[in-house]
Each structure stands twice: as C-alpha cells, then as structure tokens.
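Residue numbers (this note's numbering), protein chains in the order written: chain A, 1 to 190; chain B, 1001 to 1178.
These are computed hints drawn from the structure, not numbers from a lab.
All residues carry an ideal CB built from backbone N, CA and C; glycine is no exception.
Each hint should be verified, as a subset may be incorrect.
[To be verified] Between beta-carbon pairs, the in silico distance windows are:
1) A:88 x B:1167: 54 to 62 Å
2) A:51 x B:1018: 43 to 51 Å
3) B:1014 x A:181: 52 to 60 Å
4) B:1024 x A:142: 38 to 46 Å
5) B:1078 x A:56: 53 to 61 Å
6) B:1022 x A:133: 21 to 29 Å
7) A:127 x B:1018: 20 to 28 Å
8) A:122 x B:1012: 53 to 61 Å
9) B:1167 x A:103: 42 to 50 Å
10) A:150 x B:1013: 19 to 27 Å
11) B:1078 x A:127: 39 to 47 Å
12) B:1089 x A:122: 47 to 55 Å
[Claimed, not checked] Chain A is nowhere near these chain B residues, computed Cβ spacing over 10 Å in every case:
13) 1024
14) 1044
15) 1045
16) 1046
17) 1047
18) 1059
19) 1089
20) 1113
21) 1135
22) 1174
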Amino acid sequence: MRLAVLLLLSLFTFAASTEVVKSTEAAGSLEAIESLEAIESPDAIKGAEVVAFSDESLRPRYQQLLQELRCPKCQNQNLADSNSPISQDLRREIQRMLEEQMTDKQIKDYLKSRYSEFILYRPEVNKNTWLLWGSPVLVVLLGLLILLRHNRQPKPSANKEVPKVNKESPSNTSDQQRLAELLGDKENQQ
Amino acid sequence: MNRLALFIPLALFVGLSLVLLFGLDKDPTDLPSALVGEAFPVFNLPSLKDEQNVVTEQDFNGDVVLVNVWATWCFACRIEHPMLNKLSEQGVKIIGLNYKDQRAGALAWLAERGDPYQFNIFDAKGSLGIDLGVYGAPETYLVDADGIIRHRRVGVVDDRVWESEFRAIYEQITGTEQ
C-alpha cells in the first residue's frame, strides 16, 4: 500500500513538474512577443518580426518549431528567443518551408543535415541519446527496486525483542523497582 | 559486503566528478559537423568581383580547395587574413565565400589586405551559408577534388590549426608534400 502511494506520488510530481515548466515557458515567450508588438512598431524589435502566413493554420506549427529548435550561435536560446542574424535567417527559412507544405519532420531533417543534431532541443532517440531518454525510467526502476528490497526486510517493530520488552516491562515490578532506584540514584547524585 | 555497499555513493560521486572534470576541457561552441564526408552543397550565386558572373560548385570541382567563409564585419577574419595570404602563396587554392556582406566594402578589403582567393562567392543573403550550416565567420572547409568536404574548421585558421588539423589531410588528398 505504502509502496503504491509513493509510486503514484512520485509519478505525479514528475509529470506535474514537466507540465509546469512547459506551460510557463510557452506562455512567457508568447506573452512577451505579443506585448512588445502592441507597444512598439514591430520593425523596431529584432526577433519579434511579424510573420505573415498565407494560411493561419501554419502559425502554431511555426511557433512550435521555433520553440523546439536551437540557435546554433547563441547556444542556450531557441530560435524564438534569439535575435542573432543566423536565427533570423533560420526563422525565414522555416517560414518558407512551411509555406512550401513541408512537414515538421522534413523541416527538422533539413536543418539537422546542415547544423547536425545539435539544433534539436528535443533530440531523437538513437544510440547517443538512449541513455538521456531512458534515464528517468531507469531512475524510477531503481527506486522501485530499492523500495521493494526495503519492504522485504522485516520491520523494526516486528522485531522479536522489542515487543517482549514492551509487554513485560510495565508488569515486571522488580524491573520497575530497579528503574526507580537507578533514577533515584541518579537524581541523588545530581 | 554491506560495508562495501556503503562506498557506492562515494564511487558514484567520484565517477560523476570525473565526467564533469573532463567536460570542462570541451569547447561547447565546437559543434559536431553534419557535412564532413558529404558533398559540397550545390549553389548558384554571383561572384564578388562581377555581379553578372554566376559561379557554382562546378567552378572548383576537380581541385582540392579551401573554402573560406569571411565578411568585413567579422573581426576574427582580420586576424585570419594574413594566414590565408600565406597559404595562397604556398599554392593552396582558396575559394572565398563572402557571407552576408556589402560588395563595395568587401572589394575594398581585398584591395587593402591582399586577395588570396581564386574567386569569391557573393552570398548576400546567406543562403549557401545555411546550406553549409555556417553559424559564424570565419569558417573554413577543405574540399577534395570530388567535391567532398573533408574537414571543417569553425574559427580562425592559423599556423597551429593548419598544422594540426589541415596539413595531413591536405597532403594526403593532394598527394604532395607542401
């Protein structure tokens, strides 16, 4: 029972934490772009250029791709965040490819063949990344293993000697007497 | 056995520390190149000196060349330029890729500092740059006679880099001693 609760709890916190991170990231950057556009002329803000699509349904995909693709020059930013020239070029390329009806996978492959896997913030599962993708599962399994081993060992309260003492000591008058004497001695000494 | 198990956390810690220690020496800006071993991308761009003259990869296929990505706005290119002049004097064929630059400024640069290039590709919009996966200048590619990229250097090529990264491959594919 305790095991199941612990497991559920850990899974829940894990899922919740990733969701929270995702939603705050997305909300933060989108809000920033919208508010900037509202205040100043969009041309004045590099990296927040207004992108016109022939079909509005391309826009969510565009934004999703910018979130998931990494700027090759400024390495800790994605293409949506970065205003380096290379990111501007790549945003324009992605827009062009979307207009040409390329799929997300084709677009990512196009960039991967030029900038290597480095550009994918969500790396593919392959021989270099299996450990990265698999480590959460491994850690959960390891935790389960430890829990199982821990539960299989006899609990301290089930230890034979402890209840013996508990049961007998209150009724054992000679022990009580001795205890009182010892305590009394100690108090006298102090 | 149980006593030995107590050392597991210590072993893990030491292991992790070693991994991180070796990570310190790695240059995070040194990206794996997707193009080494691949053919030089097909392109069709004006040359720097003559707007009407269109150059393609066919113009250097058949030769072992260095393709050097440079621009007047690129500070490190100033440092690199004397090395390119020197290599050119030694007979290394160098093709320039003038990347997202102004034509007049680039021509003035060559007039002032010397022109080590066989010719220059004028890539104002950076389209060939994207096909090459250029993310900063200078970059230098060693392309063999079959048009295959054999080595890529992001950053300045100086004597040390030439000796350690380029020379052996260059001599091997040209079959010459420099």
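The hints, checked one at a time:
Between residue 88 of chain A and residue 1167 of chain B the beta carbons are some 37 Å apart, a value that contradicts the proposed interval 54 to 62 Å. A C-beta distance of roughly 47 Å is found between residue 51 of chain A and residue 1018 of chain B, which places it inside the suggested range of 43 to 51 Å. In this structure the supplied range 52 to 60 Å holds for residue 1014 of chain B paired with residue 181 of chain A, their Cβ-Cβ distance being about 54 Å. Range check, residue 1024 of chain B to residue 142 of chain A: about 28 Å between beta-carbon atoms, so the 38 to 46 Å window is missed.
Checked against the given bound of 53 to 61 Å, the beta carbons of residue 1078 of chain B and residue 56 of chain A, roughly 46 Å apart, lie outside it. Taken as a hint, the range 21 to 29 Å holds for the pair residue 1022 of chain B and residue 133 of chain A, whose Cβ atoms sit roughly 23 Å apart. The hinted range of 20 to 28 Å is satisfied by residue 127 of chain A and residue 1018 of chain B, whose Cβ atoms lie roughly 22 Å apart. With their beta carbons about 28 Å apart, residue 122 of chain A and residue 1012 of chain B fall outside the hinted range of 53 to 61 Å.
The beta-carbon spacing between residue 1167 of chain B and residue 103 of chain A, approximately 43 Å, falls within the hinted interval of 42 to 50 Å. Remark: the range hint 19 to 27 Å for residue 150 of chain A to residue 1013 of chain B is upheld by a beta-carbon distance near 22 Å. Range check, residue 1078 of chain B to residue 127 of chain A: about 42 Å between beta-carbon atoms, so the 39 to 47 Å window is met. Hint check: residue 1089 of chain B to residue 122 of chain A, Cβ distance near 48 Å, so the stated range 47 to 55 Å holds.
Once the 10 Å rule is applied to beta carbons, residue 1024 of chain B is consistent with being away from chain A; the minimum gap is 16 Å. Distance check for residue 1044 of chain B against chain A: the nearest CB is about 17 Å away, which clears 10 Å, and the non-interface claim stands. Listed as outside the interface, residue 1045 of chain B is consistent with that label: its C-beta sits roughly 15 Å from the nearest C-beta of chain A, beyond the 10 Å cut-off. A cut-off of 10 Å between C-beta atoms confirms that residue 1046 of chain B is not in contact with chain A; the least separation is 18 Å.
Taking the minimum C-beta to C-beta distance to chain A, about 22 Å, the non-interface status of residue 1047 of chain B holds against the 10 Å cut. The beta carbon of residue 1059 of chain B sits about 22 Å from the closest Cβ of chain A, which is more than 10 Å, so the claim that it is off the interface holds. Even its closest Cβ contact with chain A, about 33 Å, leaves residue 1089 of chain B beyond 10 Å, as expected for a residue assigned away from the interface. No Cβ of chain A approaches the Cβ of residue 1113 of chain B within 10 Å, the least distance being about 23 Å, so the stated non-interface status holds.
Under the 10 Å C-beta cut-off, the non-interface status given to residue 1135 of chain B relative to chain A is violated; the minimum distance is some 4 Å. Consistency note on residue 1174 of chain B: stated as away from chain A, and its beta-carbon is indeed over 10 Å from all of that chain's, at 27 Å minimum.
Of the numbered hints listed earlier, those contradicted by the structure are 1, 4, 5, 8, 21.
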